[in-house]
Amino acid sequence: MLSVTCDAGTACCSSTTKFNGIIPTEAVEKRYMLSSGPGGQNVQKNATKLIIESDRTRERHLNLADCFDKLRSTIYDVEKNMNSRVQTEEDTAIIRQVRTVSSHIFC
Numbered sequence: 137m138l139s140v141t142c143d144a145g146t147a148c149c150s151s152t153t154k155f156n157g158i159i160p161t162e163a164v165e166k167r168y169m170l171s172s173g174p175g176g177q178n179v180q181k182n183a184t185k186l187i188i189e190s191d192r193t194r195e196r197h198l199n200l201a202d203c204f205d206k207l208r209s210t211i212y213d214v215e216k217n218m219n220s221r222v223q224t225e226e227d228t229a230i231i232r233q234v235r236t237v238s239s240h241i242f243c
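Per this note's numbering: the sequence shown = residues 137 to 243.
Because the hints were derived from the structure by calculation, they are not lab data.
Mixed in with the good hints there might be a few duds.
Claimed, not checked - Straight-line alpha carbon distances no greater than 16 Å define the calculated EDC-like cross-link-like pairs of lysine to aspartate or glutamate that follow:
hint, residue 1, residue 2
1, K166, E195
2, K166, D202
3, K206, E189
4, K206, D191
5, K154, D213
6, K166, D191
7, K154, E215
All chains should be modelled from the sequences, with the hints used to inform the complete structure.
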């Protein structure tokens, strides 16, 4: 089984930038696992991790390509839904807060 993990903190997204289909490999952690048996999970305080798994084939590189296809497809779907969504007052407040925090961190 192949698991591709992306941390939301590694990718910089802007509401004005359109996804071009390129996924930077340095922003992706690839882990290879033998099985997907039961096990305990840590409860995360923030949902910032994405895990995409594929065991469609017996070939590692084909499963990796399948994971990237799934990720690409999900990003396109989210982008399509976000473009058709009307921005609320809560969205505006969150964007304003993120920009304020970002300006303090990166300046």
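Cross-check of the supplied hints:
no., hint, in the structure
1, K166 / E195, "holds, 15 Å"
2, K166 / D202, "holds, 13 Å"
3, K206 / E189, "holds, 9 Å"
4, K206 / D191, "holds, 13 Å"
5, K154 / D213, "holds, 12 Å"
6, K166 / D191, "holds, 14 Å"
7, K154 / E215, "holds, 8 Å"
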